[in-house]
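**Student:** One letter stands for each residue in the lines below.
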Amino acid sequence: MSKLLRIAAVSVVLASCSSSDDPGIEVDVAIASPSSPAVVEGVRTFETNQGHRIVLTKAYLATGSVGLLACLDHDHHHLTWGERLRRLIVADAHAHSMSSPVQLGIPVVESLLAPAGERIHVGTMEPPPGDYCGLRYAAFAADHDAAGLPEDVSMEGKTLYLEGLFEPADGSAAVAFQIDSAESFEIDLIFPQLELGGSGELEASFSLGKSGDHWFDDLPLDTSADLSEAIGTTFLLRLRDSLKVQMP
Amino acid sequence: MGDLYLGAGSAASILLIGMAIALLWLTPRPALACAVCSCGDPTLTAMGAEKPFQNRLRASLEARHRTDTVGIARLNEMSLSEQRLDARLAWAPTDRIFLLASLPLLRREIEYVNLARHTATGVGDLELHARFFVLQDREFAPRHLVSLLAGMRFPTSPLQRGTGGDLLPLELQSGAGSFDPAVGLAYAFFDFPWSVYASGNFTLPTEGIEGIRASRSLGLTSALQYQLRPSLGLRGGFDARIEDKTVEGGERSPDSGGWIAFGTAELLYSPLTDVMLYGSARLPVFNALDGRHVEGPIFGAGVAYDF
Numbered sequence: 012m013s014k015l016l017r018i019a020a021v022s023v024v025l026a027s028c029s030s031s032d033d034p035g036i037e038v039d040v041a042i043a044s045p046s047s048p049a050v051v052e053g054v055r056t057f058e059t060n061q062g063h064r065i066v067l068t069k070a071y072l073a074t075g076s077v078g079l080l081a082c083l084d085h086d087h088h089h090l091t092w093g094e095r096l097r098r099l100i101v102a103d104a105h106a107h108s109m110s111s112p113v114q115l116g117i118p119v120v121e122s123l124l125a126p127a128g129e130r131i132h133v134g135t136m137e138p139p140p141g142d143y144c145g146l147r148y149a150a151f152a153a154d155h156d157a158a159g160l161p162e163d164v165s166m167e168g169k170t171l172y173l174e175g176l177f178e179p180a181d182g183s184a185a186v187a188f189q190i191d192s193a194e195s196f197e198i199d200l201i202f203p204q205l206e207l208g209g210s211g212e213l214e215a216s217f218s219l220g221k222s223g224d225h226w227f228d229d230l231p232l233d234t235s236a237d238l239s240e241a242i243g244t245t246f247l248l249r250l251r252d253s254l255k256v257q258m259p
Numbered sequence: 383m384g385d386l387y388l389g390a391g392s393a394a395s396i397l398l399i400g401m402a403i404a405l406l407w408l409t410p411r412p413a414l415a416c417a418v419c420s421c422g423d424p425t426l427t428a429m430g431a432e433k434p435f436q437n438r439l440r441a442s443l444e445a446r447h448r449t450d451t452v453g454i455a456r457l458n459e460m461s462l463s464e465q466r467l468d469a470r471l472a473w474a475p476t477d478r479i480f481l482l483a484s485l486p487l488l489r490r491e492i493e494y495v496n497l498a499r500h501t502a503t504g505v506g507d508l509e510l511h512a513r514f515f516v517l518q519d520r521e522f523a524p525r526h527l528v529s530l531l532a533g534m535r536f537p538t539s540p541l542q543r544g545t546g547g548d549l550l551p552l553e554l555q556s557g558a559g560s561f562d563p564a565v566g567l568a569y570a571f572f573d574f575p576w577s578v579y580a581s582g583n584f585t586l587p588t589e590g591i592e593g594i595r596a597s598r599s600l601g602l603t604s605a606l607q608y609q610l611r612p613s614l615g616l617r618g619g620f621d622a623r624i625e626d627k628t629v630e631g632g633e634r635s636p637d638s639g640g641w642i643a644f645g646t647a648e649l650l651y652s653p654l655t656d657v658m659l660y661g662s663a664r665l666p667v668f669n670a671l672d673g674r675h676v677e678g679p680i681f682g683a684g685v686a687y688d689f
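Line by line, the protein sequences are chains V and Z. No gaps in the numbering here: position 115 of the first sequence is 126 in the numbering used here, and each next residue is one more. No gaps in the numbering here: position 149 of the second sequence is 531 in the numbering used here, and each next residue is one more.
Some hints here could point you the wrong way.
[What the hints assert, rightly or not] Here are the computed lysine to any residue pairs in the SDA-like style, where the Cα-Cα straight-line distance is at most 25 Å:
1. Z/K627 x Z/V516
2. Z/K627 x V/D154
3. V/K69 x V/D154
4. Z/K627 x V/M109
To be clear, the hints were calculated from the coordinates, so they are not data collected in a lab.
Produce the complete structure using the sequences and hints provided.
**Tutor:** As structure tokens, then:
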């Protein structure tokens with residue numbers, strides 16, 4: 012009898028320490044390095060529409076948040092109060108973005124000189140079931156706990172930092188430049204409707220790519236430092252417009 | 383009602399009282415609406431309301447199911463389904479003191495907004511309780527009984543980790559990892575075939591897993607019982623829990639605090655001498671819990687045996 016009791020007790024204890032996980036819907040998001048122009052010996056060289064050459068020797072960009080957009084995001088009439096509260100939290104957050112099931116609010120600093128094909132994993136969202144049609148990407152100034160902060164440049168309080176040489180098309184002397192910006196931007200990047208959960212996928216992954224072919228077109232990098240801020244803002248807008256969402 | 387006095391009758395009379403009451407009241411009392419949430423009177427089921435005779439020994443096994451939903455839909459909602467099996471042993475070293483040891487086995491399943499589902503099974507925290515009978519109106523077959531309650535939950539539950547070795551979320555742990563003392567007061571009134579029980583229990587949790595301190599709470603229990611037959615009793619009443627905020631990392635959790643009341647119904651049946659079967663349902667009738675916190679019905683069934 013006592014043996015039976017001991018066996019029963021051991022069985023209960025063994026059975027008592029188990030766990031199982033079903034991860035549910037997961038959406039991975041990565042940032043891809045610029046696809047062009049190529050990085051050679053650690054620098055990226057651009058040719059502008061005016062024939063100037065830009066040699067970037069340092070370049071960093073701070074990503075603030077990446078969020079998933081539901082296909083009916085524009086239809087506010089059908090939103091529940093909980094959903095409206097979620098929108099309030101998610102859509103209006105900037106300087107200190109919050110993470111949620113449909114948003115990664117972890118600031119990440121990337122080097123724009125990383126070789127093509129490199130990816131930085133931003134994080135994994137765990138959204139509720141539904142139809143999703145896009146990503147909302149936001150860039151804004153990095154804070155002290157942003158991931159990927161470089162050692163050679165202080166990116167705290169900056170969205171963008173560029174350093175390099177401007178080589179005029181007329182062959183005159185190259186001009187060194189240094190530009191930084193604390194401006195922010197947000198863009199919605201649309202992709203074909205994706206159903207998550209229900210009869211749809213439980214896993215998805217996105218990569219945010221960009222191409223640098225036109226980033227420096229028409230930018231007066233040989234002018235005075237007074238225009239630095241405006242140039243930084245214009246560069247950010249060019250970079251924004253080059254963003255693309257890729258679904259591997 | 384006569385003058386109350388501190389009872390100190392002979393062992394024989396106490397034994398008779400205990401036996402008489404046991405026959406009428408060989409009924410495990412309802413588990414509290416939310417004992418898992420540190421509310422109400424966790425001694426009632428295993429001890430009963432009556433005064434014990436010396437060396438009375440009762441074992442009971444009770445299964446319960448409850449649900450709980452916390453958070454905002456499609457944002458941070460978490461739906462808990464919990465089943466627990468409480469093994470209890472109650473012993474009266476004297477006719478004035480009743481001691482109770484309780485050890486639960488819990489299964490918890492949580493579903494998150496992204497359809498993720500985590501399940502954990504584990505031995506819960508050991509609880510020790512004591513009831514001290516301090517006042518009664520008469521020595522033989524008292525109609526009025528007043529008792530003090532004291533208890534402690536010990537962090538005996540092993541910390542549960544996932545396959546990667548990380549700690550499972552607190553809501554999946556089968557214990558809080560804290561010492562949770564409780565004190566209370568109970569009153570019972572007997573007038574066959576009717577009886578009434580009421581109690582209040584303060585629980586003061588200390589800091590546990592990951593520095594989280596569960597809500598301090600006051601659990602209130604009231605029950606009216608009618609004995610249809612010597613072997614069949616019906617019980618109805620209200621349980622309530624009033625709680626302050628859970629503290630996580632120094633912050634007060636928004637989806638905690640407030641109060642909730644349950645209407646309770648219980649059927650008690652004794653098919654054999656010394657054996658009691660019971661089933662219960664507790665339905666939330668008033669939910670004033672803060673934030674987004676919805677507790678569902680609690681269903682229970684159990685068996686008790688007097689040695």
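**Student:** State for each hint whether it applies.
**Tutor:** Hint check results:
1. A threshold of 25 Å between alpha carbons decides the hint, and for Z/K627 with Z/V516 the separation of about 33 Å lies outside it, so the pair is violated.
2. Among the hinted pairs, Z/K627 with V/D154 is inconsistent with the structure: their alpha-carbon atoms are about 31 Å apart, more than 25 Å.
3. Annotation: proposed proximity of V/K69 to V/D154 holds, straight-line Cα distance about 19 Å (limit 25 Å).
4. At roughly 23 Å between alpha-carbon atoms, Z/K627 and V/M109 fall within 25 Å of each other, so this suggested pair holds.
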